[in-house]
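Q: Now for the letters of each chain:
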Amino acid sequence: MKGENASSAGETGTIDLGGVNSSSSAVDLTDQIHQLPSCIKYSGPSPVSHYFRPKSTGIEVDGLNVKEAHFRGRKLQGTTVPLPDGYSGFVLGKKTFAKRKASDTNGGMTTSWRTNAKFQNITLWNHDNLPSKEDAFLRAFHWFDVAKALHKPVMADDMESASNPGATATD
Amino acid sequence: MGSECEIREWASTPCVMGIDEAGRGPVLGPMVYGCLYCPVSYMKTLSTLEFADSKTLKEEKREELFESLKGDEKIGWAVDVIDPRELSAKMLRKNKINLNEISHQSAMGLVKTVLDLGYLLTEVYVDTVGDPDKYRIKLTERFPSIKFVVAKKADSLYPVVSGASIVAKVTRDRALQNWEFDETAENMHRNFGSGYPGDPNTKSWLEDHKHSVFGFPSLVRFSWGTCEPYFKGGVQVLWEADEADDDDRKTAKRQSKLSNLGFTGMKRKSEDIESSGKGRCKFFQSRKLEQLSHF
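First to last, the protein sequences are chains S and A.
Reminder that position 23 of the first sequence reads as 23 in the UniProt record's numbering, one-by-one numbering, no gaps.
Reminder that position 203 of the second sequence reads as 203 in the UniProt record's numbering, one-by-one numbering, no gaps.
Hints in this document: simulated from the structure, not taken from any laboratory.
Don't take each hint at face value.
If you want the footprint, here are the derived chain A segments under chain S, 3+ residues with CB under 8 Å [unchecked claim]:
hint, segment
1, 176–185
2, 205–214
3, 217–231
With a straight-line Cα cutoff of 25 Å, these simulated BS3-like cross-link-like pairs (lysine-lysine) come out [claimed, not checked]:
hint, chain 1, residue 1, chain 2, residue 2
4, A, K74, A, K90
5, A, K112, A, K138
6, A, K288, S, K133
7, S, K118, S, K148
8, A, K282, S, K133
9, A, K90, S, K67
A virtual CB, placed ideally from N, CA and C, is assigned to each residue, including glycine.
Just need the whole structure built from these sequences, with the hints factored in.
A: So this is what it looks like as structure tokens:
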């Protein structure tokens, strides 16, 4: 799958998601993606599995299994959540190169993104607080349903039920 | 952990207890609270057992005394081992708990443990580094039936506290010797030294085990000021919890001092991490969603 993206600033770029079913070289990082409640001013490789050692606590909140880990002396409590059906997480790497054709007028630069890794779940960590369904990240998943409702083509029977409120139960 | 295997027949006679700590100052390893208790009538004998402030004794002598007090049927003991991860976590929480509070909770926990075992504690001698009067009042409020004697250097004044200091110190030393690293980084070694910040072995251990992203293995108490110099040039990590310090002048000052060294974090404007959300629909704001036109 290839996506073309033209932003309002006039910048163009491509994102190569490697094809959902193709045998791409993307590494599977499922179970290894962590979202920490801090800003780490570093970008690059690090021996995460040697230092960051999540453990199961046996506690369950909102049906979420609570894990515990420590980072820089802080106690973190987190939970691993699967990404919704039909969605995947991607780790993208940037490739920037100058355009060769003189006819390109938008600064001469284009950006392309390549999939370096994919993942199907993410572990969300809170500092001090237990994870909960009310955490912003989990609530962000609400958007998937809203987006679907907003962008789904309207069918004849949708019109029917909309003009007859109460005829069909919706939630 | 302690001598709770079976209740001694003297449990219901008036008992005296001493409480002391080991490993409060060190930058690494657990802090241990230890207590020793015995019948009030046994106190005279206790003073002949050569218990002295554990710091003045050689390691072998401490081990020997610990073994002999364990074998003494008129003596009971218990310890509370506070993991360095717990110390760091509590002191770096959003609502920070200071070391004195952690210490007081631990000491009170020991009193409660021994009372719950069924021992009739009437007098408890406690060593402290903080204000003895305030601490005594706090203890008395919690346990009104017990007479508390709180003193600085109680470990060299009262044999029952000297005994407690031996229990605590031996337990701390063993816990450090037997420490199992959670981390699996290469080239880790166990030449910790005493753990005191001034100890050359401790200094070189810290130097050998620092990591620019992760800081240190979790044996280290990250909340100790000693850690900061090791992080000059380390990766800066910002935490929301450090923002709250703005309200508290004293802490804020300390935090900004630490942040100059690029370690503990620093006060920062929230814009550094996320946008203000101005003009965004509430649905997106509350879910921290933002439309990106380019990235």
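Q: Each hint should be assessed against the structure and marked as holding or not.
A: For each hint, the structure was consulted:
1. 176–185: holds (count 4)
2. 205–214: Our answer is that it holds, as 4 residues pass the Cβ test (under 8 Å) against chain S, meeting three.
3. 217–231: holds (count 6)
4. A:K74 to A:K90: Distance ~37 Å between K74 of chain A and K90 of chain A Cα, so the pair is violated.
5. A:K112 to A:K138: This hinted pair holds, its Cα atoms lying about 14 Å apart.
6. A:K288 to S:K133: Answer holds: K288 of chain A to K133 of chain S is near 14 Å, not above 25 Å.
7. S:K118 to S:K148: 22 Å, holds
8. A:K282 to S:K133: 18 Å, holds
9. A:K90 to S:K67: Status holds; Cα separation ~18 Å.
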